[in-house]
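Novice: Read off the chains here:
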Amino acid sequence: MADVQIMNGNQLIAEAALLAGCRFYAGYPITPSSEIPELLARRMPEVGGIFMQLEDEIASIVAAAAASYAGYKSMTASSGPGISLKQEGLGMACMMELPLVIVDVMRGGPSTGLPTRASQSDYMQARWGTHGDHMIIAVAPGTLLECYTETIRAFNMAERYRTPVLILSDATLAHLSSGVTLPPPDTLEIVDRRQPAVEPENYRPYEISATNPVPPLPNRENFPRYRFHMTGLNKDATGFPTENATTVLADENRMINKIMDASADIESFEHYQLEDAQVAVIAYGSNANAARVAIKEARAQGLKVGMFRPITVWPFPFQQVMELGRKFKHIIVSEMNLGQMIHEVQRALQGRSELHSVLQAAGTPIRPQQILQKIREVSA
Amino acid sequence: MAFRCELRFAGVGGQGNILAGAIIAETAIIYEHRFATQVPTYTSQVRGGPTKADVIISDQSIEFPEATHLDFMLALDQRTYDMYKGDLKNHAVVLVDDNLVRVSAQERETWDIYGFPMIRTAKYDVGNVLTANILAVGMTVELTKVVDKEHVRKILHTRIRPALLEVNMKAFDLGLRAARSLQLQKVQQHAGTTTLLGHLVPAQDSSFVRDSAPPR
Amino acid sequence: MSVDYPRYLRNDKLPLYWCPGCGNGIVLKALIGAIDELHWEKNDIVMVSGIGCAARGSGYVDFHTLHTLHGRAVPAATAIKMCHPSMHVIVFSGDGDMLAIGGNHFIHACRRNIDITMVVVNNWIYGMTGGQYSPTTPPGSKASTMPRGNIDSNFDVVELARGAGATFVARGSVADPISLKNYLRKGLEHKGISVIDALSTCHTQWGGRNQLGDPVQLVEHIRNITVNRSNAGALSPEELQGKMITGIFHQDPGKKEYAQAYYELSHPVEQTVVV
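Residue numbers (my numbering), protein chains in the order written: chain A, 1 to 380; chain B, 381 to 596; chain C, 597 to 871.
Next comes chain A alone, as it looks inside the complex (with noise of 0.2 Å):
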């Protein structure tokens, strides 16, 4: 057990994301973020790296962007109200298609809210804060090992579908500390953005293949030798504007279709205890622990219940959950919000199932009692 680091979920992602490659970080300090840009602040340097704290929320998500076009892997990170500032620059990274990692260590709201305590309330404004049709990838880890991973995978989604990718974790993972053993360095898969096979004169920023709806994108060492333009304006394949209609919507329906079609790639889940079970639970992220152990104690009462878990909760799950919909009766949806992922899952049950729930917005997490008294009320 040599191997065993003691941290917690905000320094597994900050160091995940230099596992990942990421060498660029921009953050403002917030709340409960702050050990992220702490720990990238002394290592970054050593890995040849750039850390900034800046002025601003705002400043921090376009620094990062601007970052990714030129060439390198980066990272911002925040909470509820911060990621309501940078929500104008995510829609910037998904216009512009520049790969991004942002995490958003989620806090009670709206407003300023519960500082320092943990909530699940930011998991629409991660699909639908900034405005415009546009589609987000998702992740919400719910173990201190999936911080680490999810990262990890963040980055590689960002990477190869030239988007940004929201971490959606919570104070209560970001601050707890426990014993972790990573996985060997080699044993993780690590994308690049795939370069241009064109010569610089010929290179067009939003040109895509026959087969590839994610064009190519100068790294570091290219960038400077391809000079581009990119606007947030709606653009065509050169990256300039256009008010062309059939262009437009070619791209925005590109940009859906690169996410949602690459969803075998891109969708990630955990199904347990569900083979027998006649009750489902639906959780994600750190309550998904309290799900867990309330399911546990559901089953050692004899009552057989289960529980979905997504892991990439954007784009939403919504063909397991309506396979769901057609196997149980009982759905119990859990998190830490007064109800805002129930409503896809509602959406995709099409009345099948009885839904119900356990939700809070205290900023104290949702107990496995309460989960496991919905448990016993439903299966009653």
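What the hints contain is simulated information worked out from the structure, not anything from laboratory work. Fair warning: there could be bad hints in the mix.
Here are the simulated DSSO-like pairs of lysine-lysine, each with C-alpha atoms no more than 30 Å apart in a straight line [as the list claims (entries may be wrong)]:
#1 K296/A - K469/B
#2 K525/B - K296/A
#3 K296/A - K329/A
Start from chain A and add chains B and C according to the hints.
Specialist: This is chains B and C only, laid out in the frame that chain A set:
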């Protein structure tokens, strides 16, 4: 029987109770090869706000890190004590700074309560008020035996700056001694006729942990 | 020696998006002239802009170009300079973009002394959105959102930049493009943050509302209200009333540049041990 122990270190921001919890959790992980989690809860008030660190130590992996059935609680502040005592199991061990925390007679019936002026002792006897949390770690270890005190010493060496190591070691040792003498007092009171404690166990076996711990 | 302007332009994107007679083209031309004098390679230059008329300038130049969000050119430029410290990074954007919505980034970039050249294309108005007043609209003059005349005080870009710690500060105008080009060149050469307040003209939105709707007349107005620093000393306070001083106001090559400071922090020089 599976080993599981839930501990809470409660106080106000600045007292170092989160570090106290972290030291116990780290000792369990690094030197006792157990599963342990430490999850702090605090407010945005950097000094003076209610703070707690929940530590769970188990020989099985820990799924939910918030303590819900406490075997032990340290309380260095009245408000925090009142706020967080609701999760204590019957007969749980409670260590309070008795200059700062008042405990009711009924609570003394329910829990195995030890009072000691940890902050004052750190200030006047150890000579540095900031060592109160390490003194509390010493008392916690002696009262609960949840981790081996020699292992804690090793963690203290890695966790504490060299310049402050000596004074903290002094606090730790003082904490061990203070806890032993409190336990002895209880045994003596119990032997007499004046004790109010109905569930007292002999000092050597005072730890709830000892009963359920697997052999090391 | 004449400048080969088309060499620096994306000629297929012409004609310019700006109104005929707009001052912004003069500022862009002066900037290209300055770059030409420095013999910089196009591959080594990044131009970043925000949103607004002037910000569209980034689309016409054949450099690395990034057209960001309203007000956010400066943090983007900051990141790019940090990522590629050997490249020349220029921000080309308007007064509303850089001083109102982007004002916070502007002052912090001045304080940080990162080696970026910030060209404030200052035409006193929001041109693209329809002539609303900006932080540099002269008091008393009319705008679509100040129909009775501006009651808001205006920023002096030079004083703002100096106060925030900028290490190169100059003001030029489209009425004197040769001097403007010289200030831009000195700003580009300066190792550290450089701010050039480039007085431009918007006859369409500002001029039309203020009896200066003719572009030539408006440039003449600029000429009449500007005085070069070298001549200002000879004028009485009465004569200087209502005038804007042009020239180089501040130049401090001694302050440590930010990207350099970060590099040194990442590569500490071994301490020499004296035995």
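Novice: Each hint needs a verdict: does it hold in this structure or not?
Specialist: These are the hints, each one checked on the structure:
1. K296/A - K469/B: holds, 21 Å
2. K525/B - K296/A: holds, 29 Å
3. K296/A - K329/A: Holds, at roughly 20 Å.
In this structure, none of the earlier numbered hints is contradicted; all agree with it.
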